[in-house]
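Chain order of the listed sequences is A and B. Each number in this note's numbering corresponds to the 1-based position in the first sequence with 4 added. Each number in this note's numbering corresponds to the 1-based position in the second sequence with 18 added.
Some hints could be false.
To be verified - Computed spacing ranges between beta-carbons, pair by pair:
hint	chain 1	residue 1	chain 2	residue 2	range
1	B	T115	A	V88	37 to 45 Å
2	B	A71	A	D22	42 to 50 Å
3	B	S76	A	K74	23 to 31 Å
To be verified - Only some residues are given here: those of chain A computed to face chain B with a beta carbon under 8 Å:
hint	residue
4	Y37
5	S46
6	G47
7	F51
8	F95
9	A104
10	Q105
11	K106
12	L107
13	G110
14	Q111
15	G112
Everything labelled a hint here was simulated from the structure, so no lab data went into it. Using N, Cα and C, we set each Cβ at its ideal position, and we do this for glycine too.
The primary structure of each chain is shown beneath.
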Amino acid sequence: AQKVTQVQTEISVVEKEDVTLDCVYETRDTTYYLFWYKQPPSGELVFLIRRNSFDEQNEISGRYSWNFQKSTSSFNFTITASQVVDSAVYFCALSEIQGAQKLVFGQGTRLTINP
Amino acid sequence: DTGVSQDPRHKITKRGQNVTFRCDPISEHNRLYWYRQTLGQGPEFLTYFQNEAQLEKSRLLSDRFSAERPKGSFSTLEIQRTEQGDSAMYLCASSATTGRLGEAFFGQGTRLTVV
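Please model the entire structure based on the sequences and the hints provided.
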C-alpha cells in the first residue's frame with residue numbers, strides 16, 4: 005500500500021524567512037511519481053511539481069526548490085525568501101506510473117507567512 | 019479552455035436528499051478523477067475514468083454513490099440518500115495519457131454540507 009506522511013501539520017514563519025516542508029512516503033512500487041500541490045483558501049489544488057522516481061536530480065523553480073532522496077524516501081520542498089502570498093496548505097502526493105495514476109496525498113502542511 | 023470546472027461550488031442539502039455534481043475536465047484530457055476531501059485532511063481518491071469507462075473505484079465509494087462520464091466528456095457524481103458524513107469537498111481532476119503524464123489538474127471543488 006502507498007502512504008504519504010507530511011511531518012509538519014502547521015508552520016508559521018515571518019516573511020523573507022526560508023521554510024522547508026518535509027514529506028516522507030512509502031510504496032512497494034519500484035517506479036512512481038511524486039508531486040507537490042498548493043491549496044490556497046479558494047480551495048483549488050494547484051500543481052507545483054512532478055518528479056519521477058528514477059530521476060533524483062534536485063529541482064529549482066524561482067524561490068521554490070525540491071530535494072528528492074530515494075534512499076530516505078523523502079521529497080522535501082523549500083521556499084526561499086517566503087512571501088505572504090505563499091500562505092496556503094501544501095500537499096505532497098504519490099502515484100503509480102502505470103495504471104490509474106491515482107494520487108495518494110499526505111494530510112497537508114498549513115503554511116502561514118506573517119508580514 | 020481555462021481548466022477544470024465544477025458545478026455547483028457549494029451545495030447545502032438535507033439529510034436523505036439526493037445530490038448531483040458536475041465536472042467539466044480540460045478538453046484534451048481523457049482521464050478524469052473524483053476525490054473527496056474532509057476538513058484538515060488530504061484528498062482521497064474515489065473513482066477514475068478513462069474516456070467513458072469507469073476503470074477503478076475506491077472502497078470509500080459506497081453503493082449510494084454513482085459516477086458517470088457519458089461520451090467521455092463531462093462527468094457527474096451523484097450521492098443518494100445523503101448522510102451527514104458525506105459533508106466534504108468533492109474535487110474533480112483530469113489528466114492526459116500523453117505528454118505530461120501523471121500531472122492531474124484540479125477544479126475548485128464542490129463543497130457539500132448535509133444538514
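Status of the hints after comparison with the structure:
For T115/B and V88/A, the hinted distance range of 37 to 45 Å is satisfied, since their beta carbons lie about 38 Å from each other. The supplied range of 42 to 50 Å is met by A71/B and D22/A, whose beta-carbon atoms lie about 46 Å from each other. Judged by the Cβ atoms, the range 23 to 31 Å given for S76/B and K74/A holds: they are separated by roughly 28 Å. A distance limit of 8 Å between C-beta atoms decides the matter here; for Y37/A the minimum to chain B is near 5 Å, and the interface restraint holds.
About 6 Å separates the beta-carbon of S46/A from the nearest beta-carbon of chain B, less than 8 Å, and the hint is met. Annotation: interface hint on G47/A holds; nearest CB of chain B at approximately 5 Å, less than 8 Å. Below 8 Å, beta-carbon pairs count as interface contacts, and F51/A has one with chain B at about 6 Å; its hint therefore holds. Among the interface hints, the one on F95/A holds; its C-beta lies about 5 Å from the nearest C-beta in chain B, closer than the 8 Å criterion.
The beta carbon of A104/A comes within 5 Å of a beta carbon in chain B, closer than 8 Å, and the hint placing it at the interface holds. For Q105/A, the suggested interface contact is upheld, since its CB lies about 5 Å from the closest CB of chain B, less than 8 Å. The beta carbon of K106/A comes within 4 Å of a beta carbon in chain B, closer than 8 Å, and the hint placing it at the interface holds. With a cut of 8 Å, the hint placing L107/A at the interface with chain B holds, because the nearest CB-to-CB distance is about 6 Å.
Against a cut-off of 8 Å between C-beta atoms, the interface hint on G110/A holds, since the closest Cβ of chain B lies about 5 Å away. Of the supplied interface hints, the one on Q111/A holds, with its beta-carbon coming within about 5 Å of a beta-carbon of chain B, less than 8 Å. Restraint check, G112/A versus chain B: the minimum CB separation of about 5 Å is within 8 Å; hint holds.
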